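Visitor: Chains as they are written, first to last, in this note's numbering: chain A, 1 to 281; chain B, 1001 to 1263; chain C, 2001 to 2357.
Just so you know, these hints were derived from the structure itself, not from any lab.
Since the model is a prediction, treat every value here as computed from it, not as a measurement.
Restricting the straight-line Cα-Cα distance to at most 27 Å, the calculated cross-link-like pairs of lysine-lysine (DSS-like) are:
| hint | chain 1 | residue 1 | chain 2 | residue 2 |
| --- | --- | --- | --- | --- |
| 1 | C | K2147 | A | K276 |
| 2 | A | K276 | B | K1159 |
| 3 | C | K2105 | A | K276 |
| 4 | C | K2147 | C | K2184 |
| 5 | B | K1099 | A | K276 |
| 6 | C | K2144 | A | K276 |
| 7 | B | K1159 | B | K1099 |
Derived coverage of chain A by chain B (criterion: at least 3 residues anywhere in the stretch with Cβ under 8 Å from a Cβ of chain B; other residues may be distant):
| hint | region |
| --- | --- |
| 8 | 9–19 |
| 9 | 25–36 |
| 10 | 102–111 |
| 11 | 119–127 |
| 12 | 209–217 |
| 13 | 240–250 |
| 14 | 261–274 |
Okay, the calculated beta carbon distance ranges per label pair:
| hint | chain 1 | residue 1 | chain 2 | residue 2 | range |
| --- | --- | --- | --- | --- | --- |
| 15 | A | L99 | B | F1096 | 41 to 47 Å |
| 16 | B | Y1014 | A | P95 | 16 to 22 Å |
| 17 | A | E174 | C | Q2309 | 49 to 55 Å |
| 18 | B | F1049 | A | R96 | 31 to 37 Å |
| 19 | A | R96 | C | L2318 | 54 to 60 Å |
Beta carbons are placed, not taken as given, at the ideal position from N, Cα and C, and that holds for glycine.
If you want the building blocks of each chain, they are given just below.
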Amino acid sequence: MYSRTYRLLVSVPPVLWVALFLLFPYALLFAHGFWSVRDGVIVHSWNFRNYATLFQNPLYWQVLLRTARIAASVTLLSILLGYPLAYFLSFHAGPRKELLYQLVIVPLWVSYLVRGYAWKTILGSDGVLNGFLHYLHITREPLPALLYSPFAVVVMLTHIYTPFVFLPIYASLEHIPRPLIEASHDLGASGRTTFLRIILPLSLPGLLAGATFAFVLSLGDFLAPLLVGGSSGTMIANIVQSLFGAAYDWPLGAAISVCILLFTLAILGFSERLEKRWSFE
Amino acid sequence: MNSRSATSRVLAAYAALVFAFIYSPIAVLVVYSFNRDGVGGFPPRHFTFDWYRQLFSSDTAIWDSVLNSLLVAAGAVLVSLLLGLLAALALDRVDFPAKALFRRLVLLPLILPGIITGLSMLMFAVFARFERSLTLVFLGHGTALISVATTEIFAGLQKMDRRQEEASLDLGATPWRTFWLVTLPNLRLSLIAAGLLVFTLSMDEIAVTFFLIGSDNTLPLEIWGRLRRGITPEINAISSLILAASVVLLVVWYHLRTRSERQ
Amino acid sequence: MTTPPSIPDRAAPGGTLLEVRAVSKGFGSREVLKTLSLEIASGEFLTLLGESGSGKTTLLRLIAGFEQPTAGEIWMHGTRLDTLPPYRRRVNTVFQHYALFPHLKVSENVAYGLQAAGTAKADIAARVTEALAMVRMQEYAAAKPAKLSGGQQQRVALARALVNRPQLLLLDEPLSALDANLRKEMQSELKSLQREVGITFLFVTHDQDEAMALSDRIALLRNGGLEQVASPREIYARPATAYTARFIGQTNLLEARVASGVASCRDFSFPCAVSDGPALFSLRPEAISLGDDTRQPADAIRFCATIRQQIYSGASELLELQTANGAILRARIPSAGPLSGSYSFAFCADDAIPVRE
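Based on the sequences and whatever the hints tell you, model everything.
Guide: What follows is the structure, given as structure tokens:
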């Protein structure tokens, strides 16, 4: 039905654009990882030295581990907050379900920066939280380690990603046909058994999607540490960012980025395969 | 039946706590934008509009950055809608080679951490000897957000009745005419929704922008710069305004969505 | 001739299994069931028949435990049933769209109820195999529901319910999603299965042919109330009300005036045993035959009518008749070739059944 001109007209421009402005840049990043810097200039001699540096220097491993730990904490906490919320909305909220859903979505539209800034003002030693605790005479001295710590990064990122984790979990819970739950009760299973054997397994694909999203994006976040992480809360992306800034070493930065990229793609691929296995259509 | 209502109550309480966690920072932000004694400490006393006044009267840098953000967002919307429309049509109607690869590639900027996409584009800019500037930023946003537009428009295409196009061709209209008079009007709501979404995401974008920006700041980067220097309630004020604007946009988006569903 | 029965048929011998006592159910301002009472006998195949909105599915769900009655009680074997949650009732349901658990294999689906009851593992395996063999699905034990056809899923759903040896099996229009041929096949399978297993079946359908084919008794529901409960033959031959006569099979409703044991319609009169006054009679089309049919007794009631329409259906045909006074009647006769014009028709007075309303 569609002429050759039509087909070329619609498919060629986007493919060309994406190849040029997306594929080629990613390829450039990859290539830079194999180059090096000498006397402030990037030299295009191909070698593995950057990756060697990466694997041998314990500093990088330390930061990498901390980053993984933070990302894992954020993912876990987001699930602990998001899953019961989604469950409550889907099964116990009745007619107010739609309104409550909108209320969960609204914060997603509030700027990342704005929310991060809010936590900065809350967690500081003259921040709102310390003031609040002091006002209630719960503490006499301000708690020091709230801000500029991995803890603050975890809190901020959990705040950002809980709605993101909530969304696919809620969608998959809503997707469960209600007769399945009635059938489970009909066959003699209590509420608890029904949850463990029917609801939870059927909501796993959504859970997995949300968790992957939160983990991958937390892993590569460099803004949250800059805002609230301090020196003890630095993450791997900050190292990359500084290598592209003051500590001028683009190739090394590119090498680390490629590692992050490959690791991310691996997690995404693994997650996708799991999702396919767990989706029962 | 008793255990069900007990479970309900526990869940409701937990849900309330989660809502409190999600909303209290936002509430704090807004409340303290009206606090004379600045950000921090508790409780806030001395209500004032001063910070807003300062924002509107003497702070020109902020409004310059707002304008820049708007320009960038407009550019991003243009790029992503145009390419997104073509891509959606292509995905829907054409079997081109590497279709699956294209789909994945175009999604990458959304699921990879922004730093990776930002750095890649920076390297490309250096390679092409393109200056870091607002132009580069909107090209970057537009490219990264193509898949957002594509997804939305593709959904609209699927919902559309194919036979309208067939009827148009049957009645003698050329494919070009059919596109303008039949296809495009049907996609109107999808295009608007996609545009709104891209606009919002572009206005808030930091990670990619961070590496592509030149000397002119967008709003998030302007705020970012100030945050590095120190905290003032003026930032609360502008943040509250951003929040208000986001909510308004959300309501508009929601109305458009329900209107399109009703059709 | 008897007066029309006004009390619901008592449950057949075998003992009463389930008693629905004056149960009402409303949703908001809508009253779906209105003080309905019904007894179900042990071992019988009872069908709840009715249009959509008649309350049959609601009644089923009340017995299953997914809804609570707003008034009245349900008792099973001398114990109060409606206060128990569904997972404590010895009642199992076969759902309309099967509701098989998509993430569990067929064998795991069937084992689900036994596991919930804490049955020993060895027993579970044996009983699952037995149940699957009963519905001829043993070779699919390791398959997932998504891979099965509609009919196969239905049989698994049946096995999953029956393996628990419930006292009562509820079937919520289980065959409505199947195509016509498969439906007929499943109907006879269900019937023989019920006979074999001996469990009481409560079957819901809106299809009267299905109800007639399968049931020991039919309970016809209308607007939340029980219109009539009787065996298929009884309900067809002796409908209690005009609604029943029209819902099940086809009929001619004759408006007559009775005086001293004679019912007078516009075109004919016949003897009856109804008290004086206006009355309504149901006359099945197959009871009317052509006047020259030699099988008619001498005292058959005769009348003349013109044939307006002749609808051929192979073995028999349906004639639409118009009498001299303009009354429209339908007669079903063995196929007699094309007919036109006026003919004499006859029926036995005994075949005119008095009905209420």
